[in-house]
Amino acid sequence: MADIELLPHNVPSQSELPELVEELTTLNLGPTHPATHGIFQNILKMDGEKIISGEQTIGYIHRAFEKIAERRPFYQITTLTDRMNYCSSPINNFGWHMTVEKLLQIEVPKRAQYIRVIMMELARISDHLICNSILGVDTGAFSGFLYVMQKREDIYEIYEEVCGARLTTNMGRIGGMERDLSSTAIRKIRDFIKTFPPVLQEFEKLMSRNRIFMDRTINVGPISLERALSYGFTGPNLRAAGLDYDVRVMNPYSSYEDFDFSIPVGQSGDTFDRYNVRIEEMWQSLKIVEQALNNLPEGPYYADAPEYYLPPKKEVYNNMEALIYHFKIVMGEIDAPQGEVYHAVEGGNGELGFYLISDGGRAPYRLHFRRPSFIYYQAFPEMCKGSTLSDAILTMSSLNVIAGELDA
Amino acid sequence: MLSNQEVAEELLGKFGDQVYDFDEPYGLLTLSTTREDIIPVLEFLKDHKVFQINFLTDLTGIHYPDSPGKEFMVVYHAHSFIHNFRIRIKVSIAEADIHIPTATGLYACANWMERETFDFFGILFDGHPNLIRILNIEEMDYFPMRREYPLEDATREDKIDALFGR
Numbered sequence: 001m002a003d004i005e006l007l008p009h010n011v012p013s014q015s016e017l018p019e020l021v022e023e024l025t026t027l028n029l030g031p032t033h034p035a036t037h038g039i040f041q042n043i044l045k046m047d048g049e050k051i052i053s054g055e056q057t058i059g060y061i062h063r064a065f066e067k068i069a070e071r072r073p074f075y076q077i078t079t080l081t082d083r084m085n086y087c088s089s090p091i092n093n094f095g096w097h098m099t100v101e102k103l104l105q106i107e108v109p110k111r112a113q114y115i116r117v118i119m120m121e122l123a124r125i126s127d128h129l130i131c132n133s134i135l136g137v138d139t140g141a142f143s144g145f146l147y148v149m150q151k152r153e154d155i156y157e158i159y160e161e162v163c164g165a166r167l168t169t170n171m172g173r174i175g176g177m178e179r180d181l182s183s184t185a186i187r188k189i190r191d192f193i194k195t196f197p198p199v200l201q202e203f204e205k206l207m208s209r210n211r212i213f214m215d216r217t218i219n220v221g222p223i224s225l226e227r228a229l230s231y232g233f234t235g236p237n238l239r240a241a242g243l244d245y246d247v248r249v250m251n252p253y254s255s256y257e258d259f260d261f262s263i264p265v266g267q268s269g270d271t272f273d274r275y276n277v278r279i280e281e282m283w284q285s286l287k288i289v290e291q292a293l294n295n296l297p298e299g300p301y302y303a304d305a306p307e308y309y310l311p312p313k314k315e316v317y318n319n320m321e322a323l324i325y326h327f328k329i330v331m332g333e334i335d336a337p338q339g340e341v342y343h344a345v346e347g348g349n350g351e352l353g354f355y356l357i358s359d360g361g362r363a364p365y366r367l368h369f370r371r372p373s374f375i376y377y378q379a380f381p382e383m384c385k386g387s388t389l390s391d392a393i394l395t396m397s398s399l400n401v402i403a404g405e406l407d408a
Numbered sequence: 001m002l003s004n005q006e007v008a009e010e011l012l013g014k015f016g017d018q019v020y021d022f023d024e025p026y027g028l029l030t031l032s033t034t035r036e037d038i039i040p041v042l043e044f045l046k047d048h049k050v051f052q053i054n055f056l057t058d059l060t061g062i063h064y065p066d067s068p069g070k071e072f073m074v075v076y077h078a079h080s081f082i083h084n085f086r087i088r089i090k091v092s093i094a095e096a097d098i099h100i101p102t103a104t105g106l107y108a109c110a111n112w113m114e115r116e117t118f119d120f121f122g123i124l125f126d127g128h129p130n131l132i133r134i135l136n137i138e139e140m141d142y143f144p145m146r147r148e149y150p151l152e153d154a155t156r157e158d159k160i161d162a163l164f165g166r
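These protein sequence lines are chains L and X, in that order.
According to UniProt numbering, the stretch in the first sequence is residues 1 to 408, in order.
According to UniProt numbering, the stretch in the second sequence is residues 1 to 166, in order.
In isolation and in its complexed conformation, chain L is listed as follows:
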């Protein structure tokens, strides 16, 4: 056996070791990180586990909706709004329809308004449900998410029954709804009203007073009311910081003044408050859905605006006038009046505004979307400064930043 030649030891003695230097790490969180639920990039400066500063890059799914809208007839813009906050697209659709109706000064019949309210509140429930259950997933509680998914599916089935689509709904038309609520849709909504409370209660039982969940979320990512206002927060995130601003109450649209509901408000604007505000809003939304369904007025489900509302198909085949209007609307040949409108609705994430300038043409001269996510997401570095990375993930999750709305 040959001698094994040992390599010479070359380990430096303790005194020869270079002095340890502390330095900051740059962490590239995203653009496609599974914990950020969407395409966001955050370049974080980390001191160990603490975040020193963050720099955001957005625009990964920018689709130039505002530019496209300048070439489209009004009714074709609805499909663009679907793709903004895709967790609650009916709210975006109706927000857009209401903006155009305001410009055209069309009075929508009560029945259509109530149907819209039902669909918008269901959309709000599904939006908040996803946000809160995903927040649970981010804290490590996967089961809550699995329990409530079935109820979101139920809501999507109601969408399907009402408009035929599930995610990008393109629901309703300028002037009302495209069809009346079918008896199946009403039955499904009634079922939902009955079966949703036990599920939400179970979810709450699992999460709200869960010690681990509380420890993970209380005082995580707080924002003071003053900063929240300066950063343009609206919706549940602003209400969690302590201001009861809700577009549905302050500037009621689509008959919201007819319903009895309250606005939940938080105190510290931290992740736990945002969670609680959303939970309570789901209860309130359910209350609104119930009231709207019980008091659903009889009557037409679309306004008498033949120049803008597509006539029923049966009439198109049998009635000359309807055929002409059908052709004119589909070809986008009808000019809208001149005007300048700002209309806001309470979206899933806050005040969703449509600023529309019409120069009397077929398409808007300029259309600007006030997207709540875009405006409040810029507060994120300030909110997660000094916290750990895992807390920053929770903060982002509870802000419910939707990539489609952020980038438009």
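Please keep in mind that the hints were generated in silico from the structure rather than gathered at the bench.
Hints may be right or wrong, so weigh each one.
Covered stretches of chain X, going by a simulated chain L footprint (3 or more residues, C-beta under 8 Å) [to be verified]: (1) 4 to 18; (2) 48 to 62; (3) 91 to 99; (4) 111 to 122.
Simulated crosslink set (EDC-like; lysine to aspartate or glutamate; CA at most 20 Å straight-line) [unchecked claim]: (5) L:K67 to X:D66; (6) X:K46 to L:E226; (7) L:K110 to L:E202; (8) L:K151 to L:E226; (9) L:K67 to X:E71.
Cβ-Cβ distance ranges computed for the label pairs, FRET-style [claimed, not checked]: (10) L:E157 to X:P40: 40 to 48 Å; (11) L:Q76 to X:N130: 41 to 49 Å; (12) L:G339 to X:N130: 34 to 42 Å.
In this text, all values refer to a predicted model and were calculated from it rather than measured experimentally.
For each residue, glycine too, the CB sits at the ideal point set by N, CA and C.
Based on these hints, arrange chain X on the given structure of chain L.
For chain X alone, kept in the frame of chain L given last:
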């Protein structure tokens, strides 16, 4: 409840002929002011003891290529939660001198809204801490929301305006 009249009178009293073109389309008080006065006007409304119009709802730009000397417009929407009062303020600027002071000193949210406006229209907000593109790629050498930038592929001849869109 604050009336449009009240706010308009107060602004006229303070800024005189620097605020003009008062209008109320669909009930929303709309007025124009000059580039020099936009920040004082916003600040005045924000710090006003009664009005408290202290929430910047929206900030955006518009391009009017056919009005010489006023090619661009920056539109501010502000809101008072106390009175549930909204106001819209417009500032026209010329393409040759496309500068306007930043509102980031008053509202933190103006930061990204101004970046977006710069990104799409090329409007320069003086004093902005970080005026770079936000939604488009940094290498882009044009401002896509300007009217002269076509949406359709310019080489196509089959899509004419008379038949499609505008």
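Consistency of the hints with the structure:
1. 4 to 18: violated (count 0)
2. 48 to 62: holds (count 7)
3. 91 to 99: violated (count 0)
4. 111 to 122: Coverage by chain L holds here, the residue count being 5 at a Cβ distance below 8 Å.
5. L:K67 to X:D66: OK: K67 (chain L) and D66 (chain X) at ~18 Å, within 20 Å.
6. X:K46 to L:E226: Since the Cα atoms of K46 (chain X) and E226 (chain L) sit roughly 13 Å apart, the hinted pair holds (cutoff 20 Å).
7. L:K110 to L:E202: It is violated: about 35 Å lies between the C-alpha atoms, which goes past 20 Å.
8. L:K151 to L:E226: 36 Å, violated
9. L:K67 to X:E71: 18 Å, holds
10. L:E157 to X:P40: 40 to 48 Å: For E157 (chain L) and P40 (chain X) the Cβ distance comes to about 55 Å; the hint is violated.
11. L:Q76 to X:N130: 41 to 49 Å: About 36 Å separates the Cβ atoms of Q76 (chain L) and N130 (chain X), which means 41 to 49 Å is violated.
12. L:G339 to X:N130: 34 to 42 Å: Holds - the Cβ-Cβ distance for G339 (chain L) and N130 (chain X), about 35 Å, lies within 34 to 42 Å.
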